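Please model the entire structure based on the sequences and the hints provided.
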Amino acid sequence: MAALKTSAPPAAGGAPDRPRIVRKQTVSQRLRHDWPLLIMTLPALAQLSVFFYWPSSWNIIAFMDYSPYRPFWENPFVGFAWFGRLFSDPYFMPALVNTLQFALAQLALVFPLSIFLALVMHSVISTRVRSVFQSIVYLPYFFSWVLVVTVFIQMLGADGLVSNWMLGFGGDRLNVTADPDSFMFLAWMQWTWKDAGWGMIIFLAALSSINPSLYEAAAVDGASRWRRMWHITLPGIRPVIVLLLILQIGTILTVGFEQYQLQREAVGYQTTEVLDTFVYYRTILSSNGESLGTAAGLFKGIIGLLLVLAANHIAHRLGEQGIYQKS
Amino acid sequence: MSTTDIRLQKPRVKNRRPSWDEEPSLFGKLTKAAFLICYAAAIIIPLWAVVATSFASEDALNRAGGNLLILPTDLSLRAYQEIFSGGALTDSLLLTIILTVGGTAISMVLTIGAAYGLSRPGSLGHRPLLMLILFTFLFAPGMYPSFLVVQQLGLFDNYLSLILPMALNAFNLIVLRSFFMTSVPGELIDAAKMDGAGEFRILFRVVLPMSKAILAVIALFYAVGYWNIYFQAVLYTPGLDTQPIQVVLQRMLMSTQGLPGAASNAAQYQSTAAAPTAALKMAVVVCTIVPIVIMYPFIQKHFTKAVITGAIKG
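Sequences listed follow chains E and W, in order. Take our numbering: the final residue in the first sequence is number 327, and no numbers are missing along the way. Take our numbering: the final residue in the second sequence is number 1314, and no numbers are missing along the way.
Note that these hints are calculated values from the structure, not bench results. Just so you know, these numbers come straight off a predicted model, no measurement behind them. Incorrect hints may appear among the rest.
Stated by the list, open to error - Restraint-style ranges between C-beta atoms, simulated for each label pair:
1) 1135(W) / 108(E): 57 to 65 angstroms
2) 46(E) / 1070(W): 48 to 56 angstroms
3) 1025(W) / 216(E): 17 to 25 angstroms
4) 1048(W) / 306(E): 55 to 63 angstroms
5) 1209(W) / 175(E): 53 to 61 angstroms
6) 1254(W) / 224(E): 16 to 24 angstroms
7) 224(E) / 1048(W): 34 to 42 angstroms
What the hints assert, rightly or not - Keeping only pairs whose Cα atoms sit at most 25 angstroms apart, straight-line, the calculated DMTMM-like set for lysine to aspartate or glutamate is:
8) 1301(W) / 195(E)
9) 1029(W) / 216(E)
10) 1032(W) / 1022(W)
11) 1032(W) / 195(E)
A virtual CB, placed ideally from N, CA and C, is assigned to each residue, including glycine.
Below you can see the structure in the form of structure tokens.
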């Protein structure tokens, strides 16, 4: 995403180490020169046009009383009526609240865990231990949610392995995979299992880019292990933390779909309904919800857009790099 | 220049504590070791139980009285025989393999083309085109509009709808583009151009051979995406007989784990003949894990580089 800052500004003279200077040429000269590059870019642009920009323009039905069963031009425009309806919809607000809850929980419980894991890992001296541990904890990131949910049900479900152990010791069966009250805990375990290990990869890289002579100098001056962590390590990875926080805030309304849809039946929709599942059940699985569901999706998209821009602006004000820079 | 280069010259290549660093207390060391072992065990034990159960015979499972077991007493390959016997599960696995291979190939063509096409400094129109790609990070078109477009294109209930809508990942594109810009020496490309090589020739003969590692990582990311396809199949191809393996796995799971509390009595549902055995379910899980685990060690050492290129330098 930060590509904006590495795209060498061509108008400003280009990179001095690249001798090719093209800015004095006319468009047709440049076209004759650059057409193979444009041809190479074409398939990707076609894909984006058809599957990103074309659907994006279909969001117009959020402003119409749309029905797929009549010709497009017969659908009347209704302005922002659907957005008003959203907030009086009995299912939308709970879905929005759940989404925010899950997103904030991820931010507060999983993100710091990744940092903590990276700090622990960084303090391990043996490269062998490090590489074994990293191989293990990165692996679940590549598993699908279907697989993660399956494994969790087999382990922690009412008939799962842990339940059987507890029965064997005279205890009760677990009900954590079907209990709305503990779903947040279950979701937290799933995020941790699947993603927290992978989350540390970027912090590890940031940690190893801190100049080791800083530590040495601090140690010689008598700084303890904790003071070195506080004054060298944490400031050293602060830009990365800020960057990832911005990215997470931008996607705060996108907590994923599969994890919630897969556990909806067992846990109940009241707890697992998030914006994406709301849209799915309103538009795809029921009739007459097309415009309302699209309005919900558009609401999500616009808020996400504004959040990224705002978070990036704040990061600039705080003196951090942010995702992209004004060039 | 970049964080990745610094990573290559790791400060602790010698595997030894630097002389200025005081030795941590025994308690501290033990706590750390215990934490790491527990964390790794929490990931490994469930996976081990899955594998063990997939090889367990029905008797052993009944004796264990549940879904999973840690120590398979008498081994049985029945579950795997059933998967590969040519039935619906075999079809589903084949379909998923074809989707993964085909989808990854298409994705790589799109990604490499655009990444190189937009990586040459000062080329015609590369800035507005790049903007078009970067905008996809900021906004999402929404589920129903995307669904409408798939329908209008006639791709509903067509396997192509499991590839084409997500064939391009802008993140991978940006990662690859910045790799081309920073890690492939511009002088080399200019020299090739002096020798009269066209852009396509430069791409295939100069740039791609120098980028094998990053290409492998990106291909893995795409392949995992296609291999794990679930939601798109639920959305775009619900009517087809042969479904991707994740959908099949989800159906098997739901057939025994239906309503809340319904499966609380183990003996009760073991009598339902139609329900797939735990061994079969776990064997399917193993089949979905194995390709990932096989690919993984080859590519793992390049992960950091790819992720950092994408997230920090962009």
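Could you tell me whether the CB distance from residue 1254(W) to residue 224(E) stays inside 16 to 24 angstroms? violated (55 angstroms)
Kindly confirm whether 48 to 56 angstroms is satisfied by the beta carbon distance between residue 46(E) and residue 1070(W). Taking Cβ atoms as reference, residue 46(E) and residue 1070(W) lie about 52 angstroms apart, which means the hint holds.
Quick check: does the Cβ-Cβ distance between residue 1025(W) and residue 216(E) fall within 17 to 25 angstroms? holds (21 angstroms)
Could one say that the CB atoms of residue 224(E) and residue 1048(W) fall in the range 34 to 42 angstroms? Once the Cβ atoms are compared, 40 angstroms apart, the range 34 to 42 angstroms for residue 1048(W) and residue 224(E) holds.
CA of residue 1029(W) to CA of residue 216(E), is that 25 angstroms or under? holds (21 angstroms)
Decide if the proposed pair is consistent with the structure: residue 1032(W) and residue 195(E), CA atoms, cutoff 25 angstroms inclusive. Measuring from Cα to Cα gives roughly 21 angstroms; hence the hint holds.
CB-CB spacing for residue 175(E) and residue 1209(W) relative to the 53 to 61 angstroms hint: holds (56 angstroms)
Straight-line Cα separation of residue 1032(W) and residue 1022(W) no greater than 25 angstroms? holds (16 angstroms)
Would you say the C-beta atoms of residue 1135(W) and residue 108(E) sit inside 57 to 65 angstroms of each other? violated (30 angstroms)
Run the distance test for residue 1301(W) versus residue 195(E): straight-line Cα separation, threshold 25 angstroms. holds (18 angstroms)
Do the Cβ positions of residue 1048(W) and residue 306(E) conform to the proposed distance bound of 55 to 63 angstroms? Hint violated: Cβ distance 46 angstroms, outside 55 to 63 angstroms.
The structure shown violates the earlier hints numbered 1, 4 and 6.
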